[in-house]
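Residue numbers (my numbering), protein chains in the order written: chain A, -8 to 539; chain B, -8 to 539.
Please note that the accuracy of each hint is not assured.
Intra- or inter-copy, both count: the list cannot distinguish identical chains.
[As the list claims (entries may be wrong)] Below, in silico cross-link-like pairs of lysine-lysine (DSS-like), each with a Cα-Cα straight-line distance of 27 angstroms or less:
no., residue 1, residue 2
1, Lys408, Lys272
2, Lys408, Lys426
3, Lys427, Lys474
4, Lys426, Lys440
5, Lys349, Lys395
6, Lys3, Lys244
7, Lys3, Lys34
8, Lys268, Lys399
9, Lys399, Lys272
10, Lys426, Lys413
11, Lys34, Lys349
12, Lys474, Lys426
13, Lys413, Lys268
14, Lys2, Lys38
15, Lys408, Lys273
16, Lys413, Lys395
Because the hints were derived from the structure by calculation, they are not lab data.
There are 2 protein chains.
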Amino acid sequence: MISLQKNELRKKVLELLVIRASGFSFDSQRQYPLWELPNEQLKYLLKQGLGGVILHGGSVQEIKNRSITLRRWAKQSILLCADVEEGVGQRFEGGSWLPPPMALGLRYAKNPQEALYLAEQYGRCIGSQARRCGLNWVLAPVCDVNSNPLNPVINMRAWGKDPHTVSALVCSFHRGLISQGVLSCAKHFPGHGDTRVDSHLELPILDNDFSRLKEIELIPFKDLIDNGVHSVMTAHILLKKIDSAFIATFSKKLLSHLLREKLGFQGLIVTDALIMKAITKKYGPGEAAVMAFEAGADLILMPENPFEAIEAIVEALIKGRIPVKRLEQSLERRYRAISKLNSFDCDSFDDEISFNNKEFEQSDDQCLVKKIIDISVEIRNNLSSNDSNGLVNLIRVDDILPCKFLSKSSPAFLIPKKFGYKNVLFHSLGVDPWKKDSNDQLALDRFGKGPFLLQLFVRGNPFQGNQNETARWKAVVHQLQSKDLLSALIVYGSFYFWHDLSKVLNPSIPTAYSPGQMPAAQQKTLDAFFQNDKEQTLIKENVIKFTD
Amino acid sequence: MISLQKNELRKKVLELLVIRASGFSFDSQRQYPLWELPNEQLKYLLKQGLGGVILHGGSVQEIKNRSITLRRWAKQSILLCADVEEGVGQRFEGGSWLPPPMALGLRYAKNPQEALYLAEQYGRCIGSQARRCGLNWVLAPVCDVNSNPLNPVINMRAWGKDPHTVSALVCSFHRGLISQGVLSCAKHFPGHGDTRVDSHLELPILDNDFSRLKEIELIPFKDLIDNGVHSVMTAHILLKKIDSAFIATFSKKLLSHLLREKLGFQGLIVTDALIMKAITKKYGPGEAAVMAFEAGADLILMPENPFEAIEAIVEALIKGRIPVKRLEQSLERRYRAISKLNSFDCDSFDDEISFNNKEFEQSDDQCLVKKIIDISVEIRNNLSSNDSNGLVNLIRVDDILPCKFLSKSSPAFLIPKKFGYKNVLFHSLGVDPWKKDSNDQLALDRFGKGPFLLQLFVRGNPFQGNQNETARWKAVVHQLQSKDLLSALIVYGSFYFWHDLSKVLNPSIPTAYSPGQMPAAQQKTLDAFFQNDKEQTLIKENVIKFTD
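Chain A on its own, in the form it takes in the complex (with noise of 0.2 angstroms):
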């Protein structure tokens, strides 16, 4: 009997759960193997009522492969989901990858009407490429006000640095998203912008009282609410002042009590990522779980173990710690969203992508990321030819195993290769480049003579922990300037590592700054510096009609 009762409420339970699954078809394949299940229990759970997949890795193509694949395992409606803030070719080759929403948040300033309008077309970029992939929910916007300079994790991710900017933008993003038929995410509640921490590493402790949150924080989640935003995720930070016991993910003061009672908030509160390390560090599988739900969180992300995750749960419910009815009205809350979405037929979807000659991205999308790459690129002073044959091109990146922004075919590589520069690619598993006796000078003997093109590729990344770049690269400013070596200075990504170092440059050194990393951006910085002709592609123009 209690077997059974334990049966019904762990399948109960599995529809709250949105589980990490490689967007790769097969098992081999899997980039995470610790985080994503093999394909077999993943179909063994979805049978099981699973009630949504959150997707890593692979192409648009394989995207929809794998949305049709796990659709069909699922027989019942799932939740499909994907964190593609940036466009759905920030995480999935294929897909239109902008710039981050800072670049709109900036723009907002000069000129508000055009930033509304592009932050309108960005959500609606997102919404429709990720329905076309087949999923149906995006973890997107951002409503965090980076009200932090010194964010290692939000950062450029933020659509602004003040709540009314944030708000402004992020609802034009909402309604494009939403036109499109896919479910949206406010994140993350309530406000990860004012952190130094990065939560992926450890837990931000915040000093914010409940009177600022009012005043900043919580301004775009309110007006995001009020349009309908169809969840929340909450934020792996613990506000001291308003609940000093729990984290916000944990916290019934803030997620029952200010979000759904004060707030109003009627649609589904998911966690962010349970695997991340402010969780792990501190919780085990099954109670971090139980927690969350216990605070008022319907669905729970990324659990670090699935079946922990459910049994916990589970026992919670019997032994009376949590209330049935609270699973109840999860369940119910996930029954209105699933029944929100526009009901869409898979084999349509297929033909669409895989047979028919039409472009994944379309031209509409191309034209929006290039607006907002020309809107966004700030270019000072020309680069003037220089015929040193010492010329090297050093470009810094955190990471390249892989590295999304770089291949041997970027731009950032091959402009300046073709006027003559060494290309040099530092990064964190790279030979050391720094002088012996000083952390931030480079060793210019590993180099070649100069002068040097620095191309600094540096975001408040996730898991990075990147906080010392600035000072060591303002050193390095200063040691090439005062050698007469630098010959220019390119920056993509962070806005304020750009405007910290463009404050000791020297006005004559021309500099560029971008805030997306993609080649195209690279391209566009690099061809206005150099005065370069795109090279037109060998047979592009040479098609012979068979008619003549």
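Model the placement of chain B on the given structure of chain A, informed by the hints.
Showing chain B alone in chain A's frame:
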């Protein structure tokens, strides 16, 4: 009238072209847009009768979708090929990636029976996977006898160093391959094994005369022709004692007289890729195609510019430089090859790969990979544990953007890290690790105090021109040994390179050699070195059944 005739001829010539296309679905995903036609042009040419496509890039899932699309565009039967000499996974994610053929060539000396058995399985694995993702023509086996240890481009791709080993193994391989219903290709005629120059970069010139060819190079080709190989690929090499005017690809003496008449080959002669620099440095795109066809080639692979190739061949036919009969013979040979292919139904593939629970790489395939790794990895001495806090794991690769066999979660990084090593990755674009006053010693101050675990990934890779690696790394071995800083050496790839290094190694130094560079080979080697237990995956053993 002439224009009509021209148009007819164009369509016929088009059937003899094999054009490169991206394995990815969308134009924006092309990795080499200079070499890969956009979809609109590809579709147009297929509709007009293009004879074949060679695919590069993408996963098996994408190749399958792509092959279905291309067949639909074509309407008539087309040849779909890929360079998957070492497994479908060598090119396409999700397929099996096998250690290079030379691994079995080396095994043959010790256990010919086993080597022959495994060679047949090797062919069967490739044939089956190629067919299942929609390819029908495998550009393998390499029939070159790697008689020259300094060969930069064949090297480990060969099945051996002597003609009889190669011949026995390629015949076994071929039997397995064609049993799966795909076409085969013996390459590179008349033998590319005795070259010291990479024909991707410049033209190799050889002194070998006909009697030498007969004694060594021709033996595997002859035997494979007797075994019914479907096509033979030409080599871009100059055999100056046989035909001092024309490279093999353009040599009537070699293609028409030797291969067709003397060796009696009735199948398809296909050029090696005409975009290789040995060709393009000297000949225009039209002239190269005409010369190959004139010499006796049936199919023109990867012409530098397909449109110019067509026009030039049509012109040569109209002007009588090449008799129209030659065109008809080549077309006839192509029809015969096509008719040999098992017919298969696209839709059934669709189901098999996309929507079924089956993994693409089957357990037989996995066992085969494991078996060949097991018999080919050589390990000498165990690594003793070392609690120095300066341990360095120095990994050397040619290229990292991308590096197929390395990711952040590769065993080559993870296992040494677990045992206290700091990972450093050295590659051609990185910061220089060499002493200023010598190109052949490591600047040790750039790393950590050591000792060093060296993991050198060195193969005779096309396009790399890395013949100097042996001298350089010998010097490093001397340097580290003399300072007692070499804790161990692992070579992944070239047997020749390993053999040379092991000669200068102190016999007490732990060392390992693996012909394969893939993660599974890294795991095998490092597990043995470190007596490492493979980590359990977090959730694998933990399935809850919903029926208790």
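> Which numbered hints does this structure break?
Replying inline: Violated: none.
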